[in-house]
Every structure is written in structure tokens, then in C-alpha cells.
Amino acid sequence: MTSWKEAFALSNEAVDAATPPGTVYIHREHEHTDHELASIPPLTDDPRDPLNFPAWRKLAALVVAAIYGFAANYTSGVIAPAFQLWAHNFPNDPRSYSELTTLVAVHVLFLGAANIWWVPFSNWIGRRPVLLVATLLMTLSTLWCGLSTSYNSLLAARIFQGIGGAAADSVAPALVGDLYPVHQRGRAMALYTIMLCAGPLAGGLSGGYIVFRHGWKALFWVSLALSGLCFLGVALFVPETLYERTFLNETTPAGSEKQIDQDEQVEYKQPTGTSQDHGIYKPFTITQALGFNRPRGSLARQFLQPWKTLALPGTWVVMLHYAGLVGGIVTISTIGSQIVAQPPYLWGANSGLINVGALIGTVIGYLYTHMLADGSLVKKANNKRHGVAEAEDRLPTLFFPLATATCGFLVFGFCAQYPGSKQWVGLEVGYGMLSFGLMQVPSVGFNYLIDSYHSLAADCFTMVTILRAIIAFAWTYFVADWIHDRGAAEPFGIFAMLMGLFSLLTVPLWMYGKRMRIATASQVERW
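When we follow this note's numbering, the leftmost residue of the sequence shown carries the number 1, and every step to the right adds one.
The set of hints was computed from the structure by calculation and includes no laboratory data.
Note that this is a predicted model, so its numbers are computed, not measured.
Hints are not guaranteed to be accurate.
Pair by pair, the computed Cβ-Cβ distance ranges are [said to hold, decoys possible]:
| hint | residue 1 | residue 2 | range |
| --- | --- | --- | --- |
| 1 | 293 | 147 | 34 to 40 Å |
| 2 | 155 | 493 | 27 to 33 Å |
| 3 | 293 | 155 | 35 to 41 Å |
| 4 | 511 | 99 | 42 to 48 Å |
| 5 | 59 | 399 | 30 to 36 Å |
| 6 | 88 | 47 | 53 to 59 Å |
Yeah, the Cβ is synthetic: ideal placement off N, Cα and C, and Gly gets one too.
Given only the sequences and the hints, what does the whole structure look like? Please build it.
Dropping the structure here:
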């Protein structure tokens with residue numbers, strides 16, 4: 001075990017030679033011909049190993065996870081443009097705009113906080129059973145929303161709707177991490193991420209048109225169709241992916257030991273052999289594919305595990321990035337339609353068009369991630385380290401998007417503070433800048449957590465989504481009154497300051513992240 005003091009006292013040569021979790025060999029010239037990329041985690045002959053699933057099954061599960069991420073967040077944002085018609089639909093139950101924003105705030109809160117039990121259960125009984133229960137709950141609670149006839153009933157239904165959608169932010173990306181090796185995971189996560197980010201934007205964009213043309217309840221019938229599709233998709237196309245790996249052959253790469261002085265030995269070595277012996281594996285039965293497996297270990301331990309990940313620096317950095325950006329996106333999606341519904345804009349049913357800029361930013365963010373997420377890691381490993389990839393190789397991809405998103409807060413805030421006939425362009429651009437930045441956190445940040453703390457990744461996601469929920473709830477809950485009293489420039493200026501501070505934390509993680517992984521390696525189980 002290496003302490004923090006010892007990890008930061010190691011020479012650069014010793015750090016380069018160390019192989020804590022998150023340092024992997026994706027290109028081994030002596031073991032693979034034609035510079036073939038090695039699979040990390042190593043492949044087995046076990047048909048139950050999700051890495052061995054057919055490509056069509058992996059793609060089907062990925063698409064379902066992406067649709068689930070879209071639907072869970074679509075249901076969150078679709079209601080915001082309809083607030084301007086609340087008095088028309090509920091004349092006997094008048095509510096202030098700040099009360100109506102609570103319908104979004106509580107959904108966002110439980111969309112993250114509910115992972116405190118979804119993730120432990122997914123690590124205990126498997127991904128598939130949890131996704132089935134979660135998508136079914138989201139479907140039934142969406143039906144409840146459509147049948148609600150009062151504010152209090154709708155508020156309660158929105159809470160359960162958020163709980164049902166919560167697994168989309170934690171269990172679903174863990175499932176993607178189970179299915180794909182390191183050098184393919186970035187692009188797979190990019191597809192999941194663009195759907196996750198597009199959900200609230202598509203909801204905000206379509207919500208105004210739906211409610212003005214088809215009425216209040218139509219919002220929830222569309223959401224019900226999406227929720228039901230998610231449940232059917234999980235039931236038909238998502239197999240169980242929770243798989244326990246063991247390593248019988250752990251070796252040190254040739255030449256590693258001679259690069260470390262005798263008093264600088266680092267004991268954490270990433271396996272380079274096969275993950276299991278080539279014995280006879282049990283067949284992969286239909287029962288196992290459907291998720292009917294024995295629970296793993298202690299459930300109480302699973303509930304305690306997420307809190308332990310707060311000792312991992314990467315969890316805090318990704319958690320603050322995600323919380324700040326989602327808080328900004330949810331805040332704008334909630335109050336943006338109200339801003340353009342008022343003079344001098346008076347967009348009315350078109351108020352959802354405030355989300356067009358965000359959708360454009362999301363698409364650009366997807367293209368940016370698709371080109372750089374895996375390519376930068378593989379290129380650096382092959383060109384500079386003889387096939388050794390470090391988890392921190394992904395982090396430079398975040399620098400430009402985080403800076404762009406921080407500036408986006410300022411652009412939106414000042415344009416909202418000083419409305420004019422052309423200021424809507426600035427609102428769209430600022431919103432798009434935030435969406436561009438948000439695209440990178442699940443694609444790059446979540447992959448960093450999977451690479452660095454693979455066995456604890458789902459637990460890391462739990463803490464990430466909980467803090468994201470708390471910040472997004474707080475910002476959404478207070479921002480309507482704050483803007484009314486002080487204008488938009490002050491709150492969005494403060495949001496920009498916080499996001500800038502959160503973004504700066506990426507630099508020490510990039511520079512010293514491997515030393516931190518060496519110090520925390522004893523807390524992370526092997527692949």
C-alpha cells in the first residue's frame with residue numbers, strides 16, 4: 001500500500017513505470033501482430049462475459065440505454081413551456097411561477113438522489129432487474145401525471161417519475177461500461193451522452209407546441225409512450241451485464257522493474273495476461289440473460305460503498321463538473337421559455353425554440369467527442385508510451401468545452417438582463433455553449449471514472465448524480481425569484497464563477513492524477 005505522501009514523493013520515472021488501476025496496455029507489439037489493440041479488460045472464453053456478447057446485442061443494449069437517458073430527461077423538461085398555460089388548465093388551483101418551477105425542481109432532485117438505492121441494488125442483484133423496475137416505475141408515474149387534476153397530485157407524481165428515471169444516469173452508463181472495452185468505450189458513451197443531453201432540450205422544444213395544440217395532458221401521453229418504449233426495450237434487448245472478473249496471471253511488463261529504484265517500488269500492477277484460465281465455463285443460460293441471478297455479497301455493504309468513493313479525487317472533479325453544468329442547463333430550460341414568452345419577444349407557443357441553440361451545441365459536442373474521446377487516448381499510448389494508456393489522457397479533451405461552458409453562463413445572463421429585439425440570439429448562443437460543455441462530462445468524465453475505478457464506477461456515478469441533483473434542485477428552486485428580484489446577470493455571473501472554479505480542478509487532476517491513483521489503488525478492486 002502506497003500512502004499519499006509516498007505517491008507524491010516518487011520520481012517521475014517511478015510514476016511512469018507504475019501500473020495502478022487506470023493504467024492499461026492497449027497496444028502490445030510482442031503479443032499482437034499488426035499493432036492490434038488489446039482488449040482491456042482482457043477477454044475471456046466465458047459466454048457470460050458481456051465483452052463476448054455479439055455486436056448486435058451490445059448495440060441493442062446501448063441504444064436502449066441511450067433512449068432511456070433521453071426519455072428520463074425529456075419528461076423532466078417537457079413541462080416547463082406549459083407553465084404559461086397553467087391558469088387556463090387549472091383555473092381553480094392558481095399557482096405562482098416559482099411554485100410551478102418546483103414541478104421541475106423536485107423531478108431533477110429525485111432524478112439524481114434516487115440513485116442512492118438504484119446503484120446498490122444494481123451491484124447486488126444485477127443491472128437488468130433494476131432497469132426493469134425503474135423503467136416500469138417511470139411508465140406508471142407518467143400515467144399518474146397525465147391523470148392528475150391538481151397541483152399536489154402532479155407534484156407527487158413528478159417525484160416518482162424522477163425516481164423511475166434516475167437509473168438512466170447511473171445504472172445505464174455502468175451497463176455501457178460493462179459491454180465495451182477501454183478503446184471502444186468513449187464512442188459508445190458519446191452516443192449515450194448525446195441522447196442524455198438532448199432529452200431535456202427536446203422536451204423544452206416540443207413542450208410548447210404540444211400543450212398549445214393538443215392540451216396539457218398530451219405532454220404526458222407523449223412521455224408515457226417514451227417511458228413504455230424504454231420498459232419494452234429493457235425487457236426485450238438488455239441482458240444482464242454484471243460480471244465478476246478474476247485474474248490468475250498478473251505480470252509486470254518487461255522492463256518495468258528496472259525503471260524503478262529499489263526504494264521506490266510501487267506494488268500495483270495492471271494485469272497483462274488473460275483474465276481467467278481457459279477451463280470449462282458454464283453455459284450462458286436464458287435464466288442468467290434475463291437477470292435471475294443470486295444476489296452478490298451484503299446489501300448493507302453495497303449501500304455503504306458509494307460513500308467510500310468520496311475518498312477518490314476523480315469522483316469530486318467529475319461530480320462538480322456535472323453538477324455545475326446540469327444545474328445551468330436545467331435552470332435555463334426552466335426559466336428560458338418564460339423569458340422569451342414575455343416582452344419584447346412574446347414567442348408564445350414558440351417559446352420552446354429557446355432550446356434550438358442548445359440542440360446545436362449538443363450536436364457539435366457529439367462530433368467533438370466522437371473525434372477525440374478514444375482517438376487521443378489510443379494515439380498517445382501508441383506514439384509516446386509504447387502502448388501504455390493512462391486514464392488522464394482523456395482529460396485534455398475537457399479543457400476547451402469547460403471554458404466555453406463557463407463563458408456561456410455569462411453570455412446568457414447578460415443577454416437576459418438586457419432584453420432587446422436581437423438579444424434572443426445571445427440567449428441561444430449562451431445556451432448552446434453550455435450544452436456543448438455538458439456533452440463532454442458523461443463522455444469524458446464518466447469514462448475517466450470507469451477507467452480509473454472500474455469496479456467502483458457505478459458507485460462513483462451515484463455520488464456524481466446525487467450532487468448534480470442537489471445543485472440543480474437548488475438553482476432551479478431559487479432562480480425564478482432571484483431573477484425577479486435582482487435580474488439575470490447576478491445569478492448567472494455567480495454560476496459562471498462557480499463553474500470556472502470547478503473547471504480549474506481539471507488541471508491538477510490531469511497533472512497529478514496518476515499519483516492520486518497510486519495513492520488510492522488499495523481502495524479500488526482489480527478488473
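**Asked** Range hint 35 to 41 Å: satisfied by the CB atoms of residue 293 and residue 155?
**Response** About 37 Å separates the Cβ atoms of residue 293 and residue 155, which means 35 to 41 Å holds.
For this session: Indicate whether the distance between the beta carbons of residue 59 and residue 399 respects the range 30 to 36 Å.
Result: 31 Å, holds
* Taking the CB of residue 511 and the CB of residue 99, does the distance hold inside 42 to 48 Å? -> Given about 47 Å between the Cβ atoms, the range holds.
Practice prompt. Please test the hint of 27 to 33 Å on the beta carbon pair from residue 155 and residue 493.
Written response: The hinted range 27 to 33 Å holds for residue 155 and residue 493, with Cβ atoms some 31 Å apart.
key: Pairwise beta carbon distance, residue 88 to residue 47, judged against the given window 53 to 59 Å   = Roughly 58 Å apart at Cβ, these two residues keep to the hinted range, so it holds.
Would you say the C-beta atoms of residue 293 and residue 147 sit inside 34 to 40 Å of each other? With a Cβ separation near 36 Å, residue 293 and residue 147 satisfy 34 to 40 Å, so the hint holds.
Hint check: no violations occur; every hint is consistent with the structure.
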